[in-house]
Amino acid sequence: MTTSIVLEDVTKTFKLRYHRTIKQVSFAKMRGQETSSVFKAVDEVSFKVEQGEAIGLMGLNGSGKSTLLKMISGVMKPDAGQVLTRGRIAGLIATGAGFHPQLTGRENLYLNAAILGMSERETNRKFDEIVEFAGLGHRLDTQVGHYSSGQNARLGFAIAVHVDSDIFLADEALAVGDKPFKRKCLAKMREIRESGRTIFYVSHAAGQVRRMCDRVIVLQDGRLAFDGGVEEGIHFLHYDGDDEEELADEETGDDI
Amino acid sequence: MERPAVAAEPVAVAAHRDLSGVPLTPPTAGNGLHAVFKKRYLLKLLVKRELSARYQGSFLGLLWSYIGPLCQFFVYWFVIGTILGLHDNVPNFGVHIFCGLVVVHFFTETFGAGTRSIVRNKSIVVKLPMPREMFPVASMLVSLFHVFPQLVILTIACLAYGWTPDFVGMVALLLGLLIAMLLGTAGALLFSAANVFFRDFSSLVSIIQMFIRFSVPMIYPFSFVDDRFGAAASYYLFNPLADCVLLVQRAFWVGSTPHPDEVAKTDLPPDLLIWGLAMTGAGLVLLAIGQLVFSRLEAKIPERL
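These protein sequences, in sequence, are chains A and B. Take 1 as the starting number for the first sequence in our numbering and just add one per residue. Take 1 as the starting number for the second sequence in our numbering and just add one per residue.
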């Protein structure tokens, strides 16, 4: 088996600045107040992922999931430790895929695909497929700034799944889509999974994680709190409330 | 629901392409200026985007790239030329100004737009992995794109004055543009990253731009500098943009005057091409420094935007 992702003691520190201008900073210093504070968004996290594993990354809001995903995707660099990946990475970092609001959907599609490493020919070839998946044919020549958050996510997801990637990252990608679209996405992600690609999926929906993933990693205040089986992970987070199982949507695994 | 057994995975892996030959690397490994030129297709898209977005929402659009230098030209032509009387001192003073303006405007536009480029493309920078040097480089290429129509105008004007192109002159022109490209990119790299941390830097840029316009022999001839400072005039040439302007003047203005040989003696420094080569070297060093600082700051860019 080939290792797909390796994290070694990865740490990311953020500095919060309370004051921005020289006047504010000097006043705060004179009063003896703190002008900034440091916190670790991700704190010495290490794990290994084999090619073809489907990981569910879970944790409460602010536990460092998105930061961790950004470091795996290469948007951020860790301050200490190292992240290593093998092969091409594609995916969605938070909803809205980094589109330029002033460009049309079509222009953004080409730009986004190029950033994710697709060539012009590859994009042309997959263009119709992507547009059909996103279901945005009639709005393709409208500026993305006028899209709803759902439409934004649809286009982003459609591009990301059509990249010929080895690692697929999805950060709460399905949080804003409507139900038919969610169904389509889950089917597509299962397809990706069955093709043997590595999946890293961030979600709060226990049902979805149960369906998609075969391993769960839980972050708590930036630290690795749990790494193991899906059921144990969900139990660890106390997301498996007694009544939740019956309430989960049969098709999408969403909590209702 | 039963969770899928991990043991079933190797079968699925075989269906996907074999990655055992691909090395494990940091996802940010392939970044830097060299990566920018490897991803030419992406660069092309960004340049197109920048061309359509630089004057977003303005009626005259791209025309602003020409209105700016044109207005500057007429102000200098009238105030410096007519009111201060430089038309009498400098032959073809209009061409003299325009030579300077072409290269100065190229540099200031690269510097200014490049500095704002990362902040302007915030939505992409915070979410997608890519060499972020792309943005300042794309700004430089867009500004370079605007240089060509100006060169055409300059050529036509010079031909009307009886100028004939010469080989050394063309070498001087290329050298001048190259220096401005290197410096503009270096400045844009440095300031675009710094601008993320403190937006003060984009205000600083406009002050630097003002100094630049007066620190080059554009609205006054180099012979004035030589007269006023004597031996110290050679220090003036340590300003790489002054050399750029002189190189472009060597290419066009000198040949358009009635007595090119005399003008070349009084209004150009000796060894101009050597200075040009030295400044190209200096430009390369500055670019390397710009890249170094950029990579240092880059790690903190997404979180500070």
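Check the hints yourself; a few may be wrong.
With a cut-off of at most 20 angstroms between alpha-carbon atoms, the simulated SDA-like pairs for lysine to any residue come out as follows [claimed, not checked]:
(1) B:Lys300 / A:Phe39
(2) A:Lys77 / B:Arg228
(3) A:Lys77 / B:Phe197
(4) A:Lys77 / B:Tyr41
(5) B:Lys48 / A:Asp9
(6) A:Lys23 / B:Leu204
(7) B:Lys44 / A:Arg17
(8) B:Lys300 / A:Gly117
(9) A:Lys77 / B:Lys265
(10) B:Lys48 / A:Gln102
(11) B:Lys265 / B:Ser123
(12) B:Lys300 / A:Ser119
(13) B:Lys38 / A:Gly74
(14) B:Lys44 / A:Phe39
(15) B:Lys122 / B:Lys265
(16) B:Lys48 / A:Leu140
(17) A:Lys40 / A:Thr21
(18) A:Lys126 / B:Phe148
(19) B:Lys300 / A:Gln33
(20) A:Lys188 / A:Pro101
(21) B:Lys48 / B:Phe148
(22) B:Lys39 / A:Leu140
(23) A:Lys23 / B:Lys38
(24) A:Lys77 / B:Leu305
(25) B:Lys39 / A:Leu16
(26) B:Lys300 / A:Ala80
(27) A:Lys77 / B:Lys44
(28) A:Lys15 / B:Lys39
(29) A:Lys77 / B:Asp227
(30) A:Lys77 / A:Val6
(31) B:Lys48 / A:Ala225
(32) B:Lys122 / A:Leu224
(33) B:Lys44 / A:Phe14
(34) B:Lys122 / A:Asp164
(35) B:Lys300 / A:Gly74
(36) A:Lys15 / B:Lys265
(37) A:Lys15 / B:Lys48
(38) A:Lys40 / B:Lys300
(39) A:Lys77 / B:Lys48
Note that these hints are calculated values from the structure, not bench results.
Hints, verified against the model:
1. Of the pairs offered as hints, the one joining B:Lys300 and A:Phe39 holds, with about 14 angstroms between alpha carbons and a cut-off of 20 angstroms not exceeded.
2. With a C-alpha separation of about 53 angstroms, the suggested pairing of A:Lys77 with B:Arg228 is violated against the 20 angstroms cut-off.
3. Under the criterion of a C-alpha separation no larger than 20 angstroms, the hint pairing A:Lys77 with B:Phe197 is consistent with the structure, at around 17 angstroms.
4. Our distance criterion of 20 angstroms between C-alpha atoms is broken by A:Lys77 and B:Tyr41, whose separation comes to about 25 angstroms.
5. Pair hint B:Lys48 plus A:Asp9 does not hold up; C-alpha atoms about 41 angstroms apart against a cutoff of 20 angstroms.
6. At roughly 18 angstroms between alpha-carbon atoms, A:Lys23 and B:Leu204 fall within 20 angstroms of each other, so this suggested pair holds.
7. The suggested pairing of B:Lys44 with A:Arg17 is violated, with an alpha-carbon distance near 37 angstroms, which exceeds 20 angstroms.
8. Note on B:Lys300 and A:Gly117: the hinted pairing is violated, with a Cα-Cα distance of about 23 angstroms set against a maximum of 20 angstroms.
9. The suggested pairing of A:Lys77 with B:Lys265 is violated, with an alpha-carbon distance near 55 angstroms, which exceeds 20 angstroms.
10. Restraint check for B:Lys48 and A:Gln102: satisfied, since their Cα atoms lie roughly 13 angstroms apart, inside the 20 angstroms limit.
11. Restraint check for B:Lys265 and B:Ser123: not satisfied, since their Cα atoms lie roughly 53 angstroms apart, outside the 20 angstroms limit.
12. A distance of roughly 29 angstroms separates the Cα atoms of B:Lys300 and A:Ser119; the hinted pair therefore is violated under the 20 angstroms criterion.
13. Annotation: proposed proximity of B:Lys38 to A:Gly74 holds, straight-line Cα distance about 18 angstroms (limit 20 angstroms).
14. Proposed proximity of B:Lys44 and A:Phe39 is contradicted: the alpha carbons are some 39 angstroms apart, above 20 angstroms.
15. Restraint check for B:Lys122 and B:Lys265: the C-alpha separation of about 50 angstroms exceeds 20 angstroms, so the hint is violated.
16. Between B:Lys48 and A:Leu140, the direct Cα distance comes to roughly 18 angstroms. Compliance with the 20 angstroms bound is thereby established for this hinted pair.
17. Between A:Lys40 and A:Thr21, the direct Cα distance comes to roughly 25 angstroms. Violation of the 20 angstroms bound is thereby established for this hinted pair.
18. Proximity of A:Lys126 to B:Phe148 is assessed by CA-CA distance (about 36 angstroms); at most 20 angstroms being required, the pair is judged violated.
19. The suggested pairing of B:Lys300 with A:Gln33 is violated, with an alpha-carbon distance near 25 angstroms, which exceeds 20 angstroms.
20. A hinted pair counts as satisfied when its Cα atoms are at most 20 angstroms apart, and A:Lys188 with A:Pro101 does not qualify at roughly 27 angstroms.
21. For the hint linking B:Lys48 to B:Phe148, the alpha-carbon distance of about 16 angstroms falls within 20 angstroms, and the restraint holds.
22. Between B:Lys39 and A:Leu140 the CA atoms are separated by roughly 25 angstroms; this puts the pair beyond 20 angstroms, and the hint is violated.
23. For the hint pairing A:Lys23 with B:Lys38, the CA-to-CA distance comes to about 45 angstroms; that exceeds 20 angstroms, so the pair is violated.
24. With a C-alpha separation of about 15 angstroms, the suggested pairing of A:Lys77 with B:Leu305 holds against the 20 angstroms cut-off.
25. Our distance criterion of 20 angstroms between C-alpha atoms is broken by B:Lys39 and A:Leu16, whose separation comes to about 35 angstroms.
26. Pair hint B:Lys300 plus A:Ala80 holds up; C-alpha atoms about 13 angstroms apart against a cutoff of 20 angstroms.
27. Our distance criterion of 20 angstroms between C-alpha atoms is broken by A:Lys77 and B:Lys44, whose separation comes to about 26 angstroms.
28. Simply put, A:Lys15 and B:Lys39 have alpha-carbon atoms about 33 angstroms apart, too far for the 20 angstroms limit, and the pair is violated.
29. Between A:Lys77 and B:Asp227, the direct Cα distance comes to roughly 55 angstroms. Violation of the 20 angstroms bound is thereby established for this hinted pair.
30. About 14 angstroms separates the Cα atoms of A:Lys77 and A:Val6, which keeps this hinted pair within 20 angstroms; it holds.
31. Our distance criterion of 20 angstroms between C-alpha atoms is broken by B:Lys48 and A:Ala225, whose separation comes to about 46 angstroms.
32. As the CA atoms of B:Lys122 and A:Leu224 are separated by approximately 30 angstroms, the hinted pair breaks the 20 angstroms bound.
33. For the suggested pair B:Lys44 and A:Phe14, the alpha carbons sit about 34 angstroms apart, so the restraint of at most 20 angstroms is broken.
34. Between the alpha carbons of B:Lys122 and A:Asp164 the distance comes to roughly 26 angstroms, so the proposed pair goes past 20 angstroms and is violated.
35. Proposed proximity of B:Lys300 and A:Gly74 is supported: the alpha carbons are some 13 angstroms apart, at most 20 angstroms.
36. Only pairs whose Cα atoms come within 20 angstroms are accepted, and A:Lys15 paired with B:Lys265 is rejected, the gap being roughly 59 angstroms.
37. Among the hinted pairs, A:Lys15 with B:Lys48 is inconsistent with the structure: their alpha-carbon atoms are about 36 angstroms apart, more than 20 angstroms.
38. With a C-alpha separation of about 14 angstroms, the suggested pairing of A:Lys40 with B:Lys300 holds against the 20 angstroms cut-off.
39. Using a Cα cut-off of 20 angstroms, the hinted pair A:Lys77 and B:Lys48 is violated, with the two alpha carbons roughly 29 angstroms apart.
Hint compliance for this structure: hints 2, 4, 5, 7, 8, 9, 11, 12, 14, 15, 17, 18, 19, 20, 22, 23, 25, 27, 28, 29, 31, 32, 33, 34, 36, 37, 39 are not met, and every other hint is.
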